[in-house]
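K.L.:
Going by numbering that gives the first Met the number 0, the first residue of the sequence shown is number 0, and it counts up by one from there.
Do not take every clue at face value.
Per label pair, the in silico range of CB-to-CB distance [said to hold, decoys possible]: (1) G117 / D250: 24 to 30 Å; (2) A34 / A156: 35 to 41 Å; (3) A37 / D250: 39 to 45 Å; (4) S64 / D213: 35 to 41 Å; (5) G54 / A197: 27 to 33 Å; (6) P227 / Y138: 23 to 29 Å; (7) A68 / G195: 25 to 31 Å; (8) G273 / Q94: 43 to 49 Å.
Simulated from the structure, these hints should not be mistaken for lab results.
The C-beta atom is built at its ideal place from N, Cα and C for all residues, glycine as well.
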Amino acid sequence: MTSIHAIKPSRLELVFLFPGQGSQHYQMGRALFDADPAFRDLMTGLDAQFTEREGVSLLARLYGSLSAATPLDDIHLSHPLVVMIEYCLATVLRQRGLRPTRVIASSAGEFAALAFTGRITIETALDMMARQAQWASHYVEPGFMLAAMAPRAWCAANPDVCRLAWVAGVGMPSATVLTGRRENLAPLEAALRARGVAFGRLPVRVPFHSALMDPMRAHWVRRYADHPHADALWDVIRHPFDFPASLAMLDRQAPCTLVDVGPSATLANWIRHGAVPHADQWRVHGILSPWGGDLPRLQQVLDLADVHTTA
């Protein structure tokens, strides 16, 4: 599930993008953590609270000896870390004058976006991520997520592929994310390879956005029965996301700045590669990357503050 939230009207749109699972990597945000006191204070404060509640330090694992090239596929770490990184980066941008008119969130990024916009607390968001990891480990079959360079219609037209996976979401018209049981991963990759479809595994071992998540629904309902967003957030976990559909709500002909606050600028890259055609007046920025350069990109985004505070 992908959603868009309006924050305030403006003739010059500034949109923060919150991606979900698959964008994470070890050492994400490390340059900012080392160089930016505001970002570091937010991260360490949330990590201290998380450690007290859950008995594990996320930062100790994130910034340990493992490099960005090592897949961060432990859901107990990756799920809360995606939310924590995105919330802290978006908060720092807002503190320095970049106040978005809208946010667009996809999958796990929805929890970070709701915390950032004040619809839930960040503590609740992190609790929800920790509980998802716990319940997925106990009640959900091991699975996979995979990005395939094929449109959703192609998947529907190839039943031998469809029987091996669910469509977890659409990143752009030419790219579909698939999810399913772990034992179906190798046959699925073979089927895609035989048809010349490029694909890449995501560092996710839980089959989000599929019927395989249903066994943990009762636990979700029981814990969050009184939460006003419980049903909508279950839909985020269970149902497919559609990033192009959310982007379609923006005016392609109007000036718009979009800033990806995720670990790998996944949503920014989808836009650059055609998630929305003919959006010539859009300016798209990512900040964090597994390949470095985070601090110069952060400064480029901060330089936009004067434009968007006077518009």
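K.L.:
If a hint holds in the structure, say so; if it does not, say that too.
P.N.:
Hints versus structure:
At roughly 26 Å, the beta carbons of G117 and D250 sit within the given window of 24 to 30 Å. Under the hint 35 to 41 Å, the C-beta atoms of A34 and A156, about 49 Å apart, miss the expected range. Between A37 and D250 the beta carbon distance is about 33 Å. The supplied range of 39 to 45 Å is therefore violated. Taken as a hint, the range 35 to 41 Å holds for the pair S64 and D213, whose Cβ atoms sit roughly 38 Å apart.
Evaluation of the 27 to 33 Å hint for G54 and A197 yields a failure: the beta carbon distance comes to about 41 Å. At roughly 25 Å, the beta carbons of P227 and Y138 sit within the given window of 23 to 29 Å. The beta-carbon spacing between A68 and G195, approximately 27 Å, falls within the hinted interval of 25 to 31 Å. Between G273 and Q94 the beta carbons are some 33 Å apart, a value that contradicts the proposed interval 43 to 49 Å.
The structure does not agree with the numbered hints 2, 3, 5, 8 stated previously, though it agrees with the rest.
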